[in-house]
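2 protein chains.
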Amino acid sequence: MIMGILTIGNELTSGRIQDTNSSLIARAMQVQGWPVAGMMSVGDDAGAIRAALDYLLMRAEAVIVTGGLGPTADDITTEAVARAFGLALHTDEAILAHIRGMFEKRRLAWTENNAKQALFPEGAEIIANPAGTAAGFALRREGRVVAVIPGVPAEARRMLEEGVIPLLRGEFQEAALHVETATFKLFGLPEAAVDAAMAGANLADLGVAIGFYPNFPENHLVLTARTASAEEAGEKLREAGARVEARLGKYIFARGQETLAGNIAGLMTERRLTLAVAESCTGGLITDRLTDIPGSSVFLERGVVTYSNAAKTALLGVPEPVIREHGAVSAETAHLMAEGVRNMAATDLGLAVTGISGPSGGTESKPVGTVYIALADGGTVACRHHAFRWERRRNKIVASQAALMMLWRYLRGEASF
Amino acid sequence: MIMGILTIGNELTSGRIQDTNSSLIARAMQVQGWPVAGMMSVGDDAGAIRAALDYLLMRAEAVIVTGGLGPTADDITTEAVARAFGLALHTDEAILAHIRGMFEKRRLAWTENNAKQALFPEGAEIIANPAGTAAGFALRREGRVVAVIPGVPAEARRMLEEGVIPLLRGEFQEAALHVETATFKLFGLPEAAVDAAMAGANLADLGVAIGFYPNFPENHLVLTARTASAEEAGEKLREAGARVEARLGKYIFARGQETLAGNIAGLMTERRLTLAVAESCTGGLITDRLTDIPGSSVFLERGVVTYSNAAKTALLGVPEPVIREHGAVSAETAHLMAEGVRNMAATDLGLAVTGISGPSGGTESKPVGTVYIALADGGTVACRHHAFRWERRRNKIVASQAALMMLWRYLRGEASF
Numbered sequence: 000m001i002m003g004i005l006t007i008g009n010e011l012t013s014g015r016i017q018d019t020n021s022s023l024i025a026r027a028m029q030v031q032g033w034p035v036a037g038m039m040s041v042g043d044d045a046g047a048i049r050a051a052l053d054y055l056l057m058r059a060e061a062v063i064v065t066g067g068l069g070p071t072a073d074d075i076t077t078e079a080v081a082r083a084f085g086l087a088l089h090t091d092e093a094i095l096a097h098i099r100g101m102f103e104k105r106r107l108a109w110t111e112n113n114a115k116q117a118l119f120p121e122g123a124e125i126i127a128n129p130a131g132t133a134a135g136f137a138l139r140r141e142g143r144v145v146a147v148i149p150g151v152p153a154e155a156r157r158m159l160e161e162g163v164i165p166l167l168r169g170e171f172q173e174a175a176l177h178v179e180t181a182t183f184k185l186f187g188l189p190e191a192a193v194d195a196a197m198a199g200a201n202l203a204d205l206g207v208a209i210g211f212y213p214n215f216p217e218n219h220l221v222l223t224a225r226t227a228s229a230e231e232a233g234e235k236l237r238e239a240g241a242r243v244e245a246r247l248g249k250y251i252f253a254r255g256q257e258t259l260a261g262n263i264a265g266l267m268t269e270r271r272l273t274l275a276v277a278e279s280c281t282g283g284l285i286t287d288r289l290t291d292i293p294g295s296s297v298f299l300e301r302g303v304v305t306y307s308n309a310a311k312t313a314l315l316g317v318p319e320p321v322i323r324e325h326g327a328v329s330a331e332t333a334h335l336m337a338e339g340v341r342n343m344a345a346t347d348l349g350l351a352v353t354g355i356s357g358p359s360g361g362t363e364s365k366p367v368g369t370v371y372i373a374l375a376d377g378g379t380v381a382c383r384h385h386a387f388r389w390e391r392r393r394n395k396i397v398a399s400q401a402a403l404m405m406l407w408r409y410l411r412g413e414a415s416f
Numbered sequence: 000m001i002m003g004i005l006t007i008g009n010e011l012t013s014g015r016i017q018d019t020n021s022s023l024i025a026r027a028m029q030v031q032g033w034p035v036a037g038m039m040s041v042g043d044d045a046g047a048i049r050a051a052l053d054y055l056l057m058r059a060e061a062v063i064v065t066g067g068l069g070p071t072a073d074d075i076t077t078e079a080v081a082r083a084f085g086l087a088l089h090t091d092e093a094i095l096a097h098i099r100g101m102f103e104k105r106r107l108a109w110t111e112n113n114a115k116q117a118l119f120p121e122g123a124e125i126i127a128n129p130a131g132t133a134a135g136f137a138l139r140r141e142g143r144v145v146a147v148i149p150g151v152p153a154e155a156r157r158m159l160e161e162g163v164i165p166l167l168r169g170e171f172q173e174a175a176l177h178v179e180t181a182t183f184k185l186f187g188l189p190e191a192a193v194d195a196a197m198a199g200a201n202l203a204d205l206g207v208a209i210g211f212y213p214n215f216p217e218n219h220l221v222l223t224a225r226t227a228s229a230e231e232a233g234e235k236l237r238e239a240g241a242r243v244e245a246r247l248g249k250y251i252f253a254r255g256q257e258t259l260a261g262n263i264a265g266l267m268t269e270r271r272l273t274l275a276v277a278e279s280c281t282g283g284l285i286t287d288r289l290t291d292i293p294g295s296s297v298f299l300e301r302g303v304v305t306y307s308n309a310a311k312t313a314l315l316g317v318p319e320p321v322i323r324e325h326g327a328v329s330a331e332t333a334h335l336m337a338e339g340v341r342n343m344a345a346t347d348l349g350l351a352v353t354g355i356s357g358p359s360g361g362t363e364s365k366p367v368g369t370v371y372i373a374l375a376d377g378g379t380v381a382c383r384h385h386a387f388r389w390e391r392r393r394n395k396i397v398a399s400q401a402a403l404m405m406l407w408r409y410l411r412g413e414a415s416f
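Chains as they are written, first to last, in numbering that gives the first Met the number 0: chain P, 0 to 416; chain X, 0 to 416.
Keep in mind the hints are simulated off the structure, nothing from the lab.
Each hint should be verified, as a subset may be incorrect.
Stated by the list, open to error - Derived lysine to any residue pairs resembling SDA-like cross-links, with alpha carbons at most 25 Å apart:
#	chain 1	residue 1	chain 2	residue 2
1	X	K365	X	A330
2	X	K104	P	M404
3	P	K249	X	N262
4	P	K249	P	W407
5	X	K104	P	W407
6	X	K249	X	N262
7	X	K104	P	A386
8	P	K115	P	I75
9	X	K104	P	G361
What the hints assert, rightly or not - Part of the chain P face toward chain X, derived, beta carbon under 10 Å:
#	residue
10	M39
11	A45
12	E103
13	A192
14	F211
15	P216
16	E217
17	T290
18	S296
19	E363
20	S364
Claimed, not checked - Some residues of chain X that are not near chain P, with every Cβ distance over 10 Å (derived):
#	residue
21	I16
22	A47
23	N201
24	R391
Where a beta carbon is used, it is the ideal one built from N, C-alpha and C, also for glycine.
Throw the hints in and build the complete structure from the sequences for me.
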């Protein structure tokens, strides 16, 4: 079934509020396997609502509308939709009693404009709102359906799941198609190179669609299979996924809803390892990312942000002469930072980053973006050099990613990390 | 001038990525005083792009399009727009050389599909992309303009401000109309309270429009004056700004492009003070925010993320019995953390945060969201208790904001901080 989405409100067309309902609904449609032909947002204007509705109904079998169901004068969605369908409005007495009941229960003063929320187009099927006063409704015309729900995100989410989707599934039973997706998250390869690597995989032969989603500094690759049965979709995705792994395996650090920090947390916890982190140019971003994962306190003993040379010496035991001779940004310093933080914290692992985020501080031999990352495990210290080429914030993000990738590869037992 | 906005990408219609460009553009149009007749999103489909463009061009004098300018096969916006206008594509050699240069500079491997980003419709005016490889372009038809820019938000934002808006202002002879805005950034007051506080300010009498933009955990308030002369706009904004300051001054921490971390960095540097930070629940986010500011190494001596109790004792000198008796999350521990990090680092100031971000770890007396923040300056230690009510990430963000606000108020010499 082809879908359209229409969100209504001057707060959207003025940019005052970010429209999150369109994305929420589009995602729910994706899960159902109903492609979205178009998403539109218009202000609280009857002509604009009608034109948008006509446009979407020409291209979609069902349209989900949110917003403009409130009690105030600028909420005109119900009236505009009724007019577009040539229908009169009538009061639903049960809904009116329900709204009055909510006012009494919450001890709010009743004003007559609230009765407006009990007005519906003739013949509309009412969609209950378990969380608020604004009920929704659905209308049918020439085999097409328009479902209208409020714009308040929490109410829209619940009414979509509990009201609109069941109604549409019943209405278009024959159109139910199985859609399954598989997501791969990659780091270390530009989008075009990911694309080039996948060009020969012939996923189209399998009827599997491929999408690329840059999410700095990561690239996300999403496979989608639409088939009549769940088994068939699963089989196609397994085969397509194997082709992705064969071509890009070494860049993939997470699948589906997984994250890099989350996968590291999982491996650290599973293997009962502890970690201490010494950061310079990343400024705390590595531990910030790790501590976004609930339960990270189990493995993360400490982090230190040694911005000054004195702190590198005092907190990590990096000898002053090493910093003087090789520089604070050097393989030697990174090496000693990783060893030092591991020793000081008495953890299994020590991870250290030192570099130049910019915009200043670069030299001919060590330009902005120069980063050294070291990982110490008590046996050896591995050290890697990177040359990033972004502005300050992105240099910090990509350096934190590279450090976490190094740790993740180590934890997976990869030969090269 | 009536505007239309079209964002393109399967990642939008599949709900995989939240469209933030529409909102960004709508807000910029609001500042210019150009109403937005409609915002549309369609997938990477030539027919859908063309139909949406036709729809918007019937209702708007100018349409801004984002997305689908990448090098991969699914990026078809340029071709689709050219076809809609009946124009052939040609390679712009200067842009091609620029893209090749960026690849060399970033030491990325060149693949031939990248040459696609140098293709433009005949007669298009190119809109430079200072931040990436995908240049934009503008086309004119029957007095209407279509401007196309990439979907990457950072690039879209910059090209909108530096390329598209100046082009549209020139095109529609609105270059003479002065639009000036003044932004105030607030923390610590809910949006409804900001709105209520401004209700009596009568900014409409001045011909100054007021907009509220929630930007968690901050609220941004934007004043807009559109007048014939720069002097008049400046005068109106000064008067309106004074009314904002009078009502909300104590919640304002930044104006215009300023940030909280940037303003702190300015004051620290100006007063030649040094800082050490001890973080627990914020996990490094405070130093991450401070180190986003170039030159922060001048005042930030170190940060420590003392996630374990052992680290609190070893790195900060918090006595074990204090943690045992009062808890790691307590005013007593926060107090000693701030003093401890200041002493250990021998800095002027010590800032410390300890709390419970959730989802687990809360108790009856100290629920999730409990946070203690302390600031030591060698003379006294100030300590504040907060009770936040968000999920883990937002609790971290709001706690880092509260800690930075406390430091900022101290630096400003406010009696209460």
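_Hint check against the structure, violated hint numbers in rising order_ = Numbers 3, 5, 11, 12, 15, 16, 19, 20, 21, 22 and 24 - these are the hints that the structure violates, sorted from lowest upward.
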